[in-house]
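**Student:** As given, the protein sequences belong to chains A and B, one line each in that order.
Mapping of the first sequence onto our numbering: position 342 corresponds to residue 342, and the numbering continues sequentially without gaps.
To convert, count from 1 in the second sequence and add 1000; that's our numbering.
In case anyone wonders, no lab produced these hints; they're calculated from the structure.
Heads up, the beta-carbon is just placed ideally off N, CA and C, and yes, glycines get one too.
Treat the hints with care, since some could be wrong.
Which bits of chain A does chain B cover? Going by a derived footprint, with three or more residues having C-beta under 8 Å, they are [what the hints assert, rightly or not]:
(1) 87-99
(2) 140-153
(3) 220-234
(4) 238-252
(5) 260-266
Taking lysine-lysine and the DSS-like style, the derived pairs with C-alpha atoms no more than 25 Å apart in a straight line are [stated by the list, open to error]:
(6) B:Lys-1183 with A:Lys-285
(7) B:Lys-1183 with A:Lys-284
(8) B:Lys-1223 with A:Lys-60
(9) A:Lys-32 with B:Lys-1183
(10) A:Lys-32 with B:Lys-1225
This is what each chain is made of:
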Amino acid sequence: MGKRGYIFLPGGFNKVIEELSKSYRIYAPVLKVGEGRFTDTDVVRYDFVKEASEIELDKKSDYSFKEILTPLSQTLFFFTENDVKESEIDEREVLVFLRSCDLNALKRLDQIYLHNGREEDYFYARIRDKVKFVLMGCAHSYEDCFCVDMGTNRADDLDYSFSVDYIDNQFHCQLKDNVLEDIFTNNALKEQDITPRFVTENETRVKLPDSVPLSIFTSDMWEEYNTRCIGCGRCNYVCPTCTCYTMQDVYYTDNGRVGERRRVNASCMVDGYTNVAGGGEYRKKHGERMRFKTMHKIYDFKKRFGYNMCVGCGRCDTVCPEYISFSNIINKVTAKTLEVQNEK
Amino acid sequence: MDINVKKLKKNAFRVSKVRGETASRIRMPGGYVDAESLKRIAEVADKYGNGSIFLTNRQGVEIPGIKISDMDAVNKEIQLIIDNEGTNQEKRDTGYAASGTRNVVACPGKRLCPYGNYDTTEFARKMEKQIFPNNLHFKVAFTGCSNDCAKVRMNDFGIMGMTEPQYDSDRCVTCEACVKGCKSKSVDALKVVNGKIVRNTEKCIGCGVCITVCPTRAWTRSKEKYYRLVLLGRTGKKNPRMAEDFIKWVDEDSILKIVKNAYSYVERYIDPNAPDGKEHIGYIVDRTGFEEFYKWIMEGVTLGPKAEVAKTMYWGGKHYDHE
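Extracted from the complex, chain A is given alone in its bound form (with noise of 0.2 Å):
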């Protein structure tokens, strides 16, 4: 892929996003007026679009693009008697569009659904195989993104197709992808080099433990959240590195010998999430769910694969009802290694 860079007025970034939705379906960060919590309340999503008007390039999305990838529900296949039916799929290229800490989150997802193991997840593959990225640049850090931390500000090495950063009513695109350049050429003011931005700092800072003595796992400083969690799952379920599902399998109600398979999204937070046949529930207090959840972002899942899992977008602080702070969980996880350490 070679690079390049482009121009465009936003009559013509309109006319490159008409043209692709010939071709592509568009997936991007939408504003759903009046769809927040409360009344009047809004919040940033993804969904499909049609137009370039349409796509919030401004605002931090709330939910992360993984639901295309992941969706929150979906039917696997329909069980009659004696047959199986795959659920159907759009043919259709998908172009996402995403900032850096999502196209990092995207390498984690790729782990567990590929590269975990022997066999792909044929669910996750044969959507991933349609997809292809957009890189939207971020001119400055959001509230609770701490991505210079997590090394996941910047992009330049991922695979996108092209980049886009909005500046003075121009936008600013770097081409990787060669099957758009007429498209590209034909719409744009002009040629020139483009890098997409990136923010180099945080407000939010978090330091990372190199290793964790295991009296973390027994520590008090679970005990808070006991009761400061209300275990819904928010956190898990706008956090873009989140793969955990449960299955549903079910019959319908005219006739119980039909029906389907649906995976859903699961949180390790939310009850239900450790039960095991005889009753038992492993990880019953909000503590000890919170600790699971903090070990396997930044510790469990790195000594498996050797990085972080937790890209420090910062979704789950800005999302809680309760105003818990992962970023802040990390900075006690870390205090409190440091503290064991001295003591030793």
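Got chain A; can you put chain B on it based on the hints?
**Tutor:** Same frame as chain A, but now just chain B:
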């Protein structure tokens, strides 16, 4: 001292226990007051009153200890408040033009409260604009959701906010936060059927709890805002009672019309011998029958397709007057 007490009362002053003293009642429709007006209230209390301020049950204030002879001066001072509140007035610098129709009450609503289903203050102020000044004794109150923190059921007209929950089953992960929330905080109108949520639309009171607890935005609010209109609650010596449900899923315009129409009804049927020309609407309705009242208040009202009107209305309460 020669004072027309009837005029004094209509001008929103009170006849006090202390001879020669009065108290000035300040309206704050929808519970809203700007800081400048509040400062003026404090200044009047210091300059003309006894330095104290009483907070009324209906979200206004009373400034006690004012000399009756200072009423004109006080009316000039409170013009700033009347201007800031945008209160309808007949003549400048003469204070309030009536006191019968009481301050319109509102809970904090959506401006502050996570459960508020609409802007209670804005609606209350719109109502106040329409019905004030008027000497008839009307009490109207607005509350943001079915919690009824504003206690609108103690009013002639109580308006409670509703939202119609919109469900996107593709975003639902069956975490059951809504089912648990509805059961513990509301009316238990949700259940899981085949991994998705089914809402009992007859049971649902439109409180919006499912929407606030949903972690995935599977539940969202309806674009349209709806209300539950409850009628003819009251306190008092004879027969205190709670207001009863009249229309569920009613719209804003219909509510404004219904309350306006009720004034014509009361003008027609109020007891000409009522003390101080004050009679709770409910007692008038007890006399004429609800059907006559219904005919008057629904004049020119076109309800939306979702509106559910109560077929009959019965009120309970304690009947001290019949025992």
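**Student:** Which of the numbered hints above does this structure break?
**Tutor:** Of the numbered hints given earlier, those the structure breaks are 1, 2, 9, listed in rising order.
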